[in-house]
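J.: Listed below are the residues making up each chain.
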Amino acid sequence: MNRRSLLLGATAAPLLGLGHFAQAATPIKIGLLEDISGDLASIGLPKLHGSQLAADEVNAAGGIMGRPVELIHLDPQGDNARYQEFARRVLQRDKVDVLIGGITSASREAVRPIVDRLNAFYIYTNQYEGGVCDGSMLSVGAVPEQQLSTLLPWMVEKFGKKIYTIAADYNFGHLSSAWGNSILKPLGCEIVGEEFIPLGVSQFAQTIQNIQRAKPDWLYMLDVGAAQTSFYEQKNAAGVSLPMASPVKIMLGFEHKRFPPGVMKDMYAAANWFEELDTPGAENFKKRWRAKFPNEVYVNDMGYNAYVAVMMYKMLVERAKSTKKDDIRQVMAAGDAGIEAPEGRIVIDPKSQHCSHVMRLISVDAQNKVSTLKDFGDIKPYWLSQVGCDLTKSDPKEQYTPDHLPTR
Amino acid sequence: MMGNLFSYFYQFADVFSFLVLSAAGLAIIFGMMGVINMAHGEFIMCGVYVTAATFHAGLPLPLAQACGTLVAALIGMVLEVVLIRPLYNRPLDSLLVTWGLSLVATQGTLVLVGSTFPGIGTPGGGFEVGGYGFSVYRMVLFAASLLVLAFVYLLFMRTRFGVHARAVMQNAGMAQALGVRRSQVYALSFGIGAGLAGLCGALYAPTMSLIPTMGASFIVEAFVTVVVGGSSVLLGTAPAAAALAIVRTGLNAWYGQIIGQIGLLIAVILIIRVLPDGFSGWLAKRES
Chain A
152 MNRRSLLLGA TAAPLLGLGH FAQAATPIKI GLLEDISGDL ASIGLPKLHG SQLAADEVNA
212 AGGIMGRPVE LIHLDPQGDN ARYQEFARRV LQRDKVDVLI GGITSASREA VRPIVDRLNA
272 FYIYTNQYEG GVCDGSMLSV GAVPEQQLST LLPWMVEKFG KKIYTIAADY NFGHLSSAWG
332 NSILKPLGCE IVGEEFIPLG VSQFAQTIQN IQRAKPDWLY MLDVGAAQTS FYEQKNAAGV
392 SLPMASPVKI MLGFEHKRFP PGVMKDMYAA ANWFEELDTP GAENFKKRWR AKFPNEVYVN
452 DMGYNAYVAV MMYKMLVERA KSTKKDDIRQ VMAAGDAGIE APEGRIVIDP KSQHCSHVMR
512 LISVDAQNKV STLKDFGDIK PYWLSQVGCD LTKSDPKEQY TPDHLPTR
Chain B
4 MMGNLFSYFY QFADVFSFLV LSAAGLAIIF GMMGVINMAH GEFIMCGVYV TAATFHAGLP
64 LPLAQACGTL VAALIGMVLE VVLIRPLYNR PLDSLLVTWG LSLVATQGTL VLVGSTFPGI
124 GTPGGGFEVG GYGFSVYRMV LFAASLLVLA FVYLLFMRTR FGVHARAVMQ NAGMAQALGV
184 RRSQVYALSF GIGAGLAGLC GALYAPTMSL IPTMGASFIV EAFVTVVVGG SSVLLGTAPA
244 AAALAIVRTG LNAWYGQIIG QIGLLIAVIL IIRVLPDGFS GWLAKRES
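Protein chains in written order, with my numbering: chain A, 152 to 559; chain B, 4 to 291.
Hints listed in this document are in silico derivations from the structure and should not be mistaken for laboratory results.
Mixed in with the good hints, there may be bad ones.
Stated by the list, open to error - Partial list, derived from the structure: chain A residues whose beta carbon lies under 10 Å from chain B: (1) Ile-187; (2) Gly-195; (3) Ala-388; (4) Gly-390; (5) Lys-408; (6) His-555; (7) Thr-558.
This one's a predicted model, so the numbers in the text were calculated from it and none came from an experiment.
Ideal Cβ positions, reconstructed from N, Cα and C, are used throughout, including at glycine.
The following block holds chain B by itself, in its conformation from the complex (with noise of 0.2 Å):
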């Protein structure tokens, strides 16, 4: 009974932590700036690789990990500067660049890097419950989820920062005029979102095969939370990726991964045609 209980929450607690992880960098630039990033796939394969060669290199896991994350913004800063800054109001022609950029990363870390890249051993081993064995690491991603949800609200609500980049999201124009630098918190938005991707890539590089096309298997889950979620991280990634989990838990549990897939996209139709704006924009509705 108690083993049953806790692989339902086990289970729910994996696949939220998946989808909270591989949306919340994509959910920060679409929201922030409105720029759909085509290439967030590849920004978390990013951070995969970089982890995964900076550990092979001698440095600790943790270690690693905060490297891949940290190279994945980088890159991301300095392509904000050079690619999306010139293509600020032609929504349409930055989502084909990211996505030439996507193409350009996929392709060129096959040729520079190789077909395959040797994996690192999932760390933390297992624990049992009620006579089911659990992966220990499984639950640190859960934390891991829940943190980057605290560090987003703290970020955007509780600095300076913060305050600055919601006024740009409301209102850029008179954001601008009272002396906020657009172009900065721009910059900064897009290297904190590649930066999320390239946590969730060196979170999950342990537990994966790595190969230069890993990211597209981040993609889908990433987009539909986002679209289910609104252009709203706070109000909207949070509990769209909840209601997705709830979903997709039941169904692979009782109906198997396949239907768990077909359920998932299915209630992504349902809420879109209920709640065309996502989560936050219904939310933000009935507060006004």
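Chain A extracted, bound-state conformation (with noise of 0.2 Å):
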């Protein structure tokens, strides 16, 4: 059951002459584990395309220090023991340089404590609630001072203090409503209900009724999974109509190429990539995705970052003339390593190994079209070093929550 694809995209390098060189070497090996069945199969499968893209045409150009990229990709179909089992498998046996997936929090966390053990590097490739401060790993996707710290004091403005938080029930869920509170309270705002959802829950008609009593400005959605996306179709078929934010919704979820117009009517998000983003650097890049993969549905935020992530690792272990751990290190260490990447130049913060981001306000209209509100530059990842993580002096691979500091 369990699917293993062997990329090898090295079939490119001979025919561009590179062919006794790029053979001769051996191959810089990628261990990636994307969900491409299961509950989550819709977002995961752009992930896997994005980083078949990025190892083609790094191996095009002759590959990482002339070494072709390999690709190892395992299926761990949403299961958490599974992403576990399949990391000790690719760490140990296939002997990968670098580690790169997991969709959820939790798989996050589920692999994190094996690539510490083992001494391994990893990149996460989401965005998600933020607060690791693990030298062993790096984070390209968006963390929250770049999507709700725009976001939310955006909505407040627009649309009002009164707010109904409804959020999947782990990790992500909580960690995400944590942080909408602590950004939304010393804005004077009053959380009117907030829910937790369990995952795989579909029906909804009591969280509307909650709303409807509740009778919030807007809504801070933080649902997760196929199941939970749901409630929006049903919350219409209500007859609640309320602008709505969220972290996860339209650059992630593609919910607007998915649902009937009118569903996703007046969602805000923050994103620092998403499809209709129509930059000289944008629109070529989807010309290559949509060579490569004509039928992909939508070219999500997920998918990108795990073609930056491919990008991000050949600019370091350039930079670092090695493949070790330490040497990488040293050069994220430095404070100006990035890359050109389709959204615009984006750089690895020394302190907390997280990505800065071009972050853009976007939103959906009654006939699912996105449009860009406001743009709102090049953030930087600062809450992990503000509130004291440092990982060019220390390495605590903690997970750090505006509820759990480090103690100083």
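Assembly of the complex is requested from the two constituent chains, each provided in isolation within its own frame, with the hints serving as guidance.
T.: Below is the structure:
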């Protein structure tokens, strides 16, 4: 049942006259754990595609330091026990140089202790609730200070101070909700309701009633998984029409491509990538993606981040002239390690090993059309270093939250 | 006041119809044949996908839903003849076969159709009572669940097939000796069970996001209702759904969805402890 796809993109190299060198060199192995079946398959498949596109482009351009890139992909099917089993397998048996992947925060936290114990290097590619201060991990997705500190104050100014939070009942939902509260309460907001929904729940009649009773100005949505997105259809059928903000909708779940028009109306999000982005760099990137995967429903931010992760890794190894974690960490510690990504230039913050991003505010209208409302520009991942995480000095391998700060 | 009262009724009706519709097909197959159909969720998914596909092809929604129900029923009958029939006296093996079937169906859909499928908008719009908005379609679902119960009652109590089916259920050997074709009754029962699962999917298709694993979101409720109800659809499923809906609605309203789900499962444990054969076993014992 476990799928193992060995994708040797090196086949392109001989055609370009790089054959002898590339074939002689031992490949750089990338272990990839991405769900392409199970409840999260729809958002996991673009991630696999992003890695494959990056590997092809890297190999076509001569590989990393002349060595071809080899992807070893396993499908954990959204099961955290499989994530652990497969992480051990690719790190110990296949001896990969770097581990990339994981969708939910639960899967990341399942893998991270194994990475730490085996002293491996791991790149997490999703936007997430932030706070992981771990020298073995590079995070290339957006974090709350990039997604929430931009989006939520804008929502408050535009729509009002009464907010209802609906969150998935696991670490991502709880932490993102705590994050929201820590941004919203100082602005004088009132959280008129907060509900945590078990993963897999698909019926929301009670929640919809509770919202109507609490009469919020807007909804803060942290639902996860296909079952929970049934909420939007059901809320509309009951005639509830409120503005909504979420760090995981549209650019991640591409609900506007899957649901009939009107269902996602008035959803607002802050994104470092969304397929409707029309800068020259983005247009070029989308053209290359669509040439390789013409049937992609949507090039989502996770797929984009997965592409960026491989490119970032190439830059790190080439600057370090080594695939050893310690050498790579020295490059990250320099403070100027970055790449020209399709969204714009992004740079690794040495203290937290998270990336800066160019953030934009987007919304969906009644015709499922996405428009850009505001360009926040380059936003640094400042929160971890602010609370005292400095990976250039010490490596606590911890996840911090607004409720769990480092002891200084 | 009016709004709150109606709200309680609406919540109850919503949970009740979800339990009845998701459990009816499973209960018929289990009650009639003793087969635990692990592919029940995938018959529901089949109903959803056929409904959505035919709807996108241009059929009006009610016709598309009829297609979803019929296709699930037909697939059910074919599978009964091909896969289930050789395993009549091997309940554990039939459990394994249907489980394998569910894996094949989920992964097959993923491979053939892809990881997402365009949804259908919920028809009917909303209405207001006492300041709260409600969905018209949810009331349609409640009516449909009552119709399903009425259909099952009429089918088993008022038709020739029903008499044969009950005879086979009580004593298959004796029924066969009297000229009832057991295999025909079983194939039809399995088809009806699969069709009711397809109907459940067809009815919920416009309210959910469509993915290959969506059958799983019905499975817990379906099995729990059948376990509490016992082997008879008529005496079991309806009272079980009503009792569980009351427990869940109350807890959902006062303590939220998590407690509602925990409470539902605790209620099931308690009911099974007191009534080991479920509601239908208890009612049958009181009668005899």
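J.: Of all the hints given earlier, name the ones this structure violates by number, lowest first.
T.: Violated: hints 6, 7.
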